[in-house]
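Protein chains in written order, with our numbering: chain C, 1 to 216; chain V, 1001 to 1210.
Note that these hints are calculated values from the structure, not bench results.
It is possible that some hints are incorrect.
As the list claims (entries may be wrong) - In silico lysine-lysine, DSS-like type, Cα no more than 27 Å apart, as pairs: (1) K142(C) to K1067(V); (2) K130(C) to K1015(V); (3) K1156(V) to K139(C); (4) K1015(V) to K101(C); (5) K130(C) to K1156(V); (6) K1195(V) to K142(C); (7) K1156(V) to K101(C); (8) K139(C) to K1071(V); (9) K149(C) to K1015(V).
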Amino acid sequence: MSPKIHKAIVCRALAHVLEPLTSPESEIMILEIGLHVDPQRLKARLLKEVADMEEEGAEILLGYGLCGRALEGVVSARSTLVLPRIDDCVGALLGSRARHKELLRQNAGCYFLEQRWLTTELNIFDEILKGLERIPPDKRDKIVKMMLKNYNTLALLDSGDLLPETESLCLTYARRYNMDLINLKTQSGLLTRLIKGPWREEEFLVLPPGKPVPFF
Amino acid sequence: MASELASLLADLKEKEAAEMANNKLEQGADPMEILADAREGMNIVGERFGNGEYFIPDLIFSGEILKDIAKLVEPHIKHKETESQKRGKVIIGTVAGDIHDIGKDLVVLMLDINGFDVYDLGIDVPAKNFVDKINETGATVVGLSGFLTLAFDAMKDTIEAIKTAGLRDRIKIMIGGGQIDDEVRRYTGADACGKDAMEAVVLARRWLNA
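This is chain C alone, in the form it adopts within the complex (with noise of 0.2 Å):
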């Protein structure tokens, strides 16, 4: 089952995977990874951007998870929406929920990263950095060990094509700040299964014209 018409509202933290899966005639809009900072704002911008893109008959998938709530409340007046049931873009990215929280039931330490959000707001490296400035020169290294003190892996997200040198970066991050460092290679059945179908109920939300993205 594929949708009769190609629409997608996608986070630029699984662009990589879902775009080269759309077929060329489709329209996928790509947000920002920034937005998810504040669930309000991403969750104005994909309302916004789902009165922009819906159309009577379509289906407008959804490249997202429940994301900090920030879906909870997206809606569409004229077509379907299709979201998968997981909670961020680690997830999506793991292939199921399932497998994200039982990664976290076996080491809640763990930090997730894709290569390609190295140099995005999901490097928690680069972020604890920012705004350093304003905090006291003495104060500095105990803010950024209070920041990192619970992580204990560095969960580098693996889809087959790591660079040499993204993998000498985080192995550089976990050193400087005592991780240890693992490979986890991805699963993009689920994704894969967003643009192309089947959308069984286990794994997708699909609502009708009309009805919000429930709490899930």
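Take the given structure of chain C and dock chain V to it, following the hints.
For chain V alone, kept in the frame of chain C given last:
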């Protein structure tokens, strides 16, 4: 308009904020009002983070300033007496699968300075540990913390475990962290949710008649 202390905290003026809190205390100000001002400052920090003006280090540092202010206020809160005069026991922890504890630690601090006997179980706490601690201490209030949306299921499981152990009827449970609201409270089966450390104190007081 924000109070002067709230503005100093929001602007991350660590020394100035502590000085002002100290001066206010020396002048006989109500310590709870000082904490309310600090809370207002924290809310402004949250807004600035949301609109991209502040970053993660600013959030952490503002929490440190709040802790400094709370420690100054602590001796002025009358109910902070001896162990036997504590207001009641509260067990708190970040649920299994989650390691975020910055908010939880502020809740622990605020409960502590407000005279509660706090048992902090730490992070990534299995449901069983909450049950064991309830049995060990006889506490009647439990706080479950979590930042990830993945933590909602762990909260639900923890509350279910408390129920299975036959303890639910005598325990009041609050949840907090991240995007938690009444919808999540209903999902998890908790009794209440709070959006910051002071709300946790208000709930604990209400439940323990303290």
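Hint-by-hint comparison with the structure:
Distance hint between K142(C) and K1067(V) is fulfilled; the C-alpha atoms sit about 14 Å from each other, no more than 27 Å. Restraint check for K130(C) and K1015(V): satisfied, since their Cα atoms lie roughly 22 Å apart, inside the 27 Å limit. Taken as a hint, the K1156(V) and K139(C) pair is broken in the structure, with Cα atoms around 38 Å apart against an allowance of 27 Å. Taking the CA atoms of K1015(V) and K101(C), the gap is near 42 Å; set against the 27 Å cutoff, the hint is violated.
The straight-line distance between the Cα atoms of K130(C) and K1156(V) is roughly 35 Å, outside the 27 Å bound, and the hint therefore fails. In summary, the hint linking K1195(V) to K142(C) is supported, as the alpha carbons are separated by about 26 Å, within the 27 Å threshold. With a CA separation close to 14 Å, the supplied pair K1156(V) and K101(C) stays within the 27 Å bound. Our distance criterion of 27 Å between C-alpha atoms is met by K139(C) and K1071(V), whose separation comes to about 18 Å.
Distance restraint check for K149(C) and K1015(V): the Cα-Cα separation of roughly 25 Å lies within the 27 Å cut-off, and the hinted pair is therefore satisfied.
In summary, the structure is inconsistent with hints 3, 4, 5 from the numbered list given earlier, while agreeing with the others.
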